[in-house]
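**Student:** Chain residues, written in single-letter form:
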Amino acid sequence: MSPRARAAFMVTCLGDLFYPEVGERIVRLLRALDVAVEFPAGQTCCGLPLFNSGYHRDAAEVARRTVRLFEGSEAVIVPSGSCAWMVKHEYPGLLAGSPDEAAARALASRTHELSQFLVKTLRVVDFESDVHGRVAYHDSCHLLRGLHESEAPRALLRNLAGVEVVELPGSDECCGFGGSFSVRLPEVSTSILDRKLANVEASGADCVVACDAGCLMQLRGGLGRRASRVRALHLAELLARPRATRAGGGPRA
Amino acid sequence: MSDTAPELATPFRERAGKALKDDFLQQALEIATTKFITLRREAFGDFPAGDALRDRARAIKEATLQHLDRYLDQLVDNVERLGGHVHFAATAEEARDIILDIGRRTGARMAVKSKSMATEEIHLNEALERAGITPVETDLGEYIIQLAHERPSHIIAPAIHKTKGQVADLFARELGRPVPADAEALTAIARAELRQKFLDADLGITGANFAVADTGTIVLVTNEGNGRMVTSLPRVHVAVMGVEKVVPSMTDLMVFLSVLAKSATGQKLSVYTTLVRGPRRACELEGPEEFHLVLLDNGRIDQIAGTLREALYCLRCGACLNVCPVYRQIGGHAYGHTYPGPIGILLTSMLKGAPAVKDLAHASSLCGACADACPVRIDIPRMLVELRREVSEEKIAPWSERLAFALAGRLLRAPRLYRLGAPIARLLQRPFARGHTIRRLPGLAGAWTRTRDLPAVAPQTFQERWPALERERP
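First to last, the protein sequences are chains G and Y. Position 97 of the first sequence, counting from 1, maps to 97 under this note's numbering, and the rest follow consecutively. Plus 253 on top of the position in the second sequence (first one is 1) and you've got this note's numbering.
Simulated from the structure, these hints should not be mistaken for lab results. Keep in mind that the hints are not guaranteed to be accurate.
[Claimed, not checked] Pairwise CB distance ranges (calculated):
1. Y:689 x G:134: 22 to 28 Å
2. G:202 x Y:335: 45 to 51 Å
3. Y:267 x G:194: 43 to 49 Å
4. G:57 x Y:670: 15 to 21 Å
5. G:123 x Y:703: 41 to 47 Å
[Claimed, not checked] Quick look at which bits of chain G chain Y covers, simulated, 3 or more residues with Cβ under 8 Å:
6. 20-27
7. 59-69
8. 150-164
9. 176-186
10. 219-226
The C-beta atom is built at its ideal place from N, Cα and C for all residues, glycine as well.
So that you can see chain G by itself, here it is in the shape it has in the complex (with noise of 0.2 Å):
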């Protein structure tokens, strides 16, 4: 039998390097909607801190074999908004007149933010977690105002049984990761983050949730450095199988 979707998965850098555990758990889950994942190899990163740092030709050129890479896919998944945003606004004006501007703009609209093909593609938001407890949700700035979702990952959260959603107060605000902003301004970088931990500790929740990898490192980097007792982890994390028990909530029989 052909499977519901098929997929490639771009795991950006972070992901790969950092995070591989995270990328692994998205391949069985995705596998277990029964979508066919394939992971086209030589992937490197999408280019955004060259973008954001200004180097608009090496990131024009980064784009250029990014798209080349998944140009055989059908959709396109990425586990941080940041990366999905880059690839969904930016590739296509970085190669706007080169004979790859028409790839780009196909990559851009097959290309989707892990809790938006979820949760808008696929149609699925019951799912079992191995986590208990509560957890706060943090909107990461690109998915949030790039891509325009709060909604999707909120979701999946809510229908989580053995989890309880609390309010985070300022969830919307800024984590100070911002790419290379972390490291340039890094005492600016870490007074913002504390506001957002002071904020995550209050809220009296277990663990903070994020769909952006730069958040997760921003977000752990803090919480470890204080000992705290909260842990910050990717959405995919909670998200161990689907439920099979509610109608359209599982794999398709």
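Given the coordinates of chain G, work out where chain Y should sit on it, guided by the hints.
**Tutor:** For chain Y alone, kept in the frame of chain G given last:
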């Protein structure tokens, strides 16, 4: 005269670091920006037409800039028809000279001022003092700043960096008697001190929030009533405004007024909206004998066709400052220029060129909160990226940074080389990693680890795990 503030002698990162350690500043910023954010959110929450009006306001700005010369001509004609004088200043220096000339010719000894960022931009107060004309700021915030010999740290709340207690101390020192740290009492004191100044002043100097081309009306949006006194009591009124502030008609003005106060202070309208049309006419009981409008270019016109064009839409509401995570941490003074915050970086580049903002261009996490809050939807993050691009491509950025990014660009295009990165990093991190965490790194990498843990490169990257994961396939 130098446009450079003395604080610019220290690098931006140090100025920011100093601000982070200033407990008074931190306390004042936290209270004020949080209050502004809440008020703004509530104001637009109660106003369903808000989003459409923001789009409309943006469209008017776009269209007006396309024909700026035509609207300015119309404005000039109408102001002159009403008996006013219009002056065009290409630079800050020209603007100062025009105003000083007016002061000398009219024998002015004292000038009362209502709040104006344009006069801050041209450093007018220092020039007036040198010419023997005493400037008196009559906006409460500006009055405080003037007493403290400081500069505004916010576009609409110039003394936002001061706590009530600090203001009380300042007033006590000035008056030589104890003063309670109570907003109402402090306002009453300023009011009493300023009353006589309004009556004594020869010159009234204001900015302008808008100028309506087809009626020749200058519009001042204020909350304290001082604007009305400044424009009606002294013999001469001088209004200074950037050329981009012209709007075609009164109908257009209404669109801007409907979003400006909501964005700035969360008010439906400001307490006073003062419309000034030329000098006092026959049969009128009050108003100045002379009215002058100074139209200021100072780098603006060049940007109509430049990358910073959208920054010319700015209404100076300050909403982007209040929501900016960086501004909220460091306040306005650390930026070191007349206009602070995210929009301030763009305006500073417009006024002084990209080299002046080579560090400030990076003083943003690009979180996008500014663009979201902007009443005319200026894409500030996008233009900050464009500024960064200029800084890198014009080789304003240090060579070491350009080399590092050039190497990174190469590496990200060479997957075989890239894959070697992980094993090399695992070797290098060995002395520093404890389990999955690195708590301390030497040199430049310490910028992260001084305050945050860094994840160690995984024992097996995702790419290294993929062959096994692929075999799992059902």
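**Student:** Decide, hint by hint, whether the structure agrees.
**Tutor:** Hints, verified against the model:
1. Y:689 x G:134: 22 to 28 Å: holds, 24 Å
2. G:202 x Y:335: 45 to 51 Å: Since residue 202 of chain G and residue 335 of chain Y have Cβ atoms about 58 Å apart, the given range 45 to 51 Å is violated.
3. Y:267 x G:194: 43 to 49 Å: violated, 20 Å
4. G:57 x Y:670: 15 to 21 Å: holds, 19 Å
5. G:123 x Y:703: 41 to 47 Å: With Cβ atoms ~45 Å apart, the hint holds.
6. 20-27: With 5 residues closer than 8 Å to chain Y, the segment 20-27 of chain G meets the three-residue bar; holds.
7. 59-69: It holds, with 4 qualifying residues against the three required.
8. 150-164: This one is violated; 0 residues, fewer than the three required, reach chain Y with a Cβ under 8 Å.
9. 176-186: holds (count 11)
10. 219-226: That given contact holds, which follows from 5 residues of the segment 219-226 of chain G lying within Cβ reach (below 8 Å) of chain Y.
When the structure is compared with the earlier hints, violations turn up for hints 2, 3, 8 and for no others.
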